[in-house]
Structures are given as C-alpha cells and as structure tokens.
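Trainee: Going line by line, the protein sequences match chains A and B.
So in my numbering, spot 96 of the first sequence is number 96, and the numbers just go up one at a time.
Take any residue in the second sequence, count from 1 to its spot, add 223: that is its number in my numbering.
The reader is advised that the hints may include incorrect statements.
[Unchecked claim] Chain B is faced by these chain A residues, among others (derived, beta-carbon under 7 Å): (1) 15; (2) 16; (3) 41; (4) 45; (5) 88; (6) 89; (7) 124; (8) 134; (9) 142; (10) 143; (11) 170.
[Unchecked claim] Below, computed lysine-lysine pairings styled on PhoX-like, alpha-carbon distance capped at 20 Å: (12) 497(B) <-> 131(A); (13) 316(B) <-> 388(B); (14) 388(B) <-> 369(B); (15) 415(B) <-> 336(B); (16) 333(B) <-> 316(B); (17) 336(B) <-> 445(B); (18) 131(A) <-> 445(B); (19) 388(B) <-> 131(A); (20) 19(A) <-> 179(A); (21) 316(B) <-> 336(B); (22) 131(A) <-> 484(B); (23) 497(B) <-> 484(B).
FYI, nobody ran anything at the bench for these hints, they're computed from the structure.
These numbers come from a predicted model, not from an experiment.
Even glycine gets a Cβ: it sits at the ideal position worked out from N, Cα and C.
Here's the letter readout for the chains.
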Amino acid sequence: MGYQFDFSFLQGSVEALLKGLRVTLELALAANVMGLVLGFVLCLLVMSRWQIVRWPAQLFIEFFRCTPALLQIVWFFYCIPMMVDYFIDPIAMGVLALGLNLTAFNAEAYRAGVQAVPREHLDACVALGLKPWQRTLFVVLPQALRSALPVLMTNGIGTLQQSALVAIVAVADLMYVAKSLATEAYRPLETYTVVALIYFALSLPVSRLVHMIERRQDAVVQR
Amino acid sequence: MLLSQTQAQRVAIQNQPATISSLSSVSAEFVQLRNVCKSYGENLVVMDGMSLNMRADDRLVVIGPSGSGKSSLLRVLMGLEGVQGGEITFQGKPYIRGANQGGSKRIDPKLQKQIGMVFQHYTLFPHLSVLGNLILAPIKVLGLSKADATERARRYLARLGLESKLHAYPSQLSGGQKQRVAIARALMLEPKLMLFDEVTSALDPEMVIEVQNVMLQLAEQKMAMIIVTHDMHFARDIATRVVFCASGKVVEEGAPADMFKCPKEARTREFLEKVLHLD
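Looking at chain A on its own, in the form it has when it is part of the complex (with noise of 0.2 Å):
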C-alpha cells in the first residue's frame, strides 16, 4: 500500500469537528429522550384494548420500521415542509425524523419487556387488591423497563450512528463536517478514519454496558 497517512491537516480543523460533534450529540440526545417517552406512550396506545388506537399506532410504527431510515429523513426535509408551506430549523427537524424513527422501535421494546412479565403476576396483583392502574404503574413498568433496557440503549446508539444521515440534507453533524474537510483537504481516508474513531469511542461504552446488564439479568434469572 503506498498511501501515505498524514494527519496533521486536521490539526486546524479541531474546532469545526468539535462543533460537528456537538450537533450530532444534541441530534441523538434529543431523539432518544423524544423515543423513550413517546416510545412508551405509543407501546401503551399498540396494546390498548380499543382497535381503534391500536390500529393507527401499529402503522406508525409499521412505517418506521419498513421504510429506510435514510428515505425517512429525506421526506421529512423535503416533503413536510412543501406539504405544509412552512421549514422548520433544520436540527428540530432532523430530531423530529430520528426521534419518531426510534419512538416506533423503542416501542417494540417496551411492548416485548411489558409481554415478558409473567401472567401470574397479574393474577397477583388480582388477589392482593391493586388497582389496574397500581398493577401497571408498582408491578408491570419495573420489570418491563428493566428487561427492555438493553434494547433501548442499543436502539439508543444506534439512533447516535443514524444521524450520521442528516449530513445528506445538510445539517452540519459530525459527518458533514468530516465530508466538508475531506473533499476541502483531498484527504478522504484520514479524516473518516478520524470521525469513525469518533463515533466508535461515543458507542464502545454503551454497548459494554448493555452487554454487563444482560449478563447480569441472565444471572438473576438462572439462580
């Protein structure tokens, strides 16, 4: 290989990926806190017992699921605004795509963790007097949150990678940034090994910790 890595150019382009990063963290940090509340809310609506809500709720999260993410944030940036006659700030509107992306896949989990409680547990709360509502809040959201949590912070990160996206519509992420410095230096390589480091260093810590809770939670149910 007779590439010749040089780095230094980067060197003066610290602050603009700073500011690339700090765009792509707001992006996944308010999409995630957007998908874990209304995950749930809408994880509430798909198992109601009226098929009326239930209905529009799983096609909500039909389209999420089925269609490309990437398709999801074009239409968003392009379509929505034409449809309405009116653009929002580019970032909101970038939150607003990924956060609905995750709320349809973070509600997939809270549904699979609230099906994972046990049927005799409800039958418990039955005959020790609590009210449904005191059955979902004290006995049914503890055990489905936690054996959902592995799967929320993995959605989690992967809503963190997924921003990288938002580039193609021109919100200056982390991945824009780097697409801007790459074709400005005609350093390509250097710089996207240097923005995936990035990424990469953002998630390690996540997934580890999701693959310490597992653990820990299949210790639980064994013993």
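We have chain A already, so just place chain B on it with the hints.
Mentor: Same frame as chain A, but now just chain B:
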C-alpha cells in the same frame, strides 16, 4: 382400604342429616356455591353446575383429576375469572353472580379483599425485596403507613421463620422460602379465607415440608382455607373436609378419614386408587 357396599351405604346415611341441616341454614354458610357454571367457548366446560358449602372453621381440600375444575374453583373465588351461571355467597352476602354475556363477573370488591391466594408458580415481584413485596398491597390497598406495614411484615416473617430475609430479593431465595414469603404476602392483608392452588407442586421434595408446615401452622390458628393439592397425605393431615371434583362437579365430599378409607362413589374410589398407588 376401601369399604364394602353396605358399609359405604351406612356412611351415606350417617351423612345425610348433615346435608339437610346445611341446606336449611343457608345464610350461616361461610362460602356457598350454588350451581356455578363456567366454560371456555362452546366445548370446554370447567364448572358444570358446581355446588359447595363451607363453614368458617372448615379447611377444604379439593382433589380430583386434572380438568376437574378444582383450579377454576379457586380462580373464580378469587375473582380472577368470571362465571356464566350460578351464584356464590361469602360470609352470607352475595359475592359473585354469573353473567351470561361473555362470562363477565359481578363481584363485590369488598368481599374480594378478604380473600387471599397463593399460586403454584412463584409470584413474588422480582424487582422488589421481600419487604417490598410484603408492604406493597397493605400500603396501596389498605392505606397503611409504611412504618405500620413494615412492622406487620416483620411480625409475619418472624412467624414464618424468615426474619433474616427481610431485605433479600426473590432471586436470592430458595423455592420453599419464596412460597413462604408468598404466603406471608397474602396474610399481610389479613384475609378471612385463604386459597392455595397447588402451592407445593413446583417445589423440590425437600422444600415441600417447610411450606406445608406453614400451612399446618395456619390451620392451628383456625384460618379458613381451600386447598387444591395432589398430595393425599397432606390432604389427610390438614383437611377438615375433602371434596372430590370430576368433570366440573362435586362428586363427593366428606371427612378425610371417611373419604380416604371408604369413598362412596365409584369415581372417587377409582381416582384414589390411582393416586394412592402412585404415592
């Protein structure tokens, strides 16, 4: 072991006055089922006009082949499932009435709170400590203060020999300990009637005894209980009356000594011969 036809008839005659007297003093019954019917869909009938009387000082042990409706009986009494027909009174008051449309239930919630139940599978909530499991319902349902509920929990755990496990989590307990805690959790609400649905079936043999001892201890304290079990020796030890169910009906009932030595009905005899052989 089984008595001859004439002896069985004599026992039947002896039992008759008791049956009549229990019918005439309807409201004095602690629990009374009248013609209770329950089925799933068209074909699966689990209670087929079941009738049963229980006095406040009774400890009923319900035996019978699987699918005989004995677990359904407990689940219905606890209010976990509805019935399509018949009615149940508890402490002389109307408690459950069958409803035709989809088997919806009409239950008096005040009476329901006076019944406790322990299940076959461990139903301790894994995210709560033993103490947390015990005080959840007393605080949320009875409105006890946390201090009072904790005090009560200590008392019950001490009685069951588990005071050292107050802060343990269910995953740190053995199966027998879990069932004892489950019993304590039900007792925390100070029920007037306890239901036990095959509570030792999922336990390793060496742990069965510790759970049964707790139940015998409750029996000494005159707790009214209905117990579904496959353990005939235990049934003999704890029951004041044994009820044999088959095909959703009460086929025969009587004192444990009579039931196990000289069952009147052919079906009872057949069942007992089978299970006692296996023991």
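Trainee: Could you work out which earlier hints the structure fails to respect and list their numbers in ascending sequence?
Mentor: The structure conflicts with hints 1, 2, 3, 4, 5, 6, 11, 12, 13, 18, 19 and 22, although it agrees with all the remaining ones.
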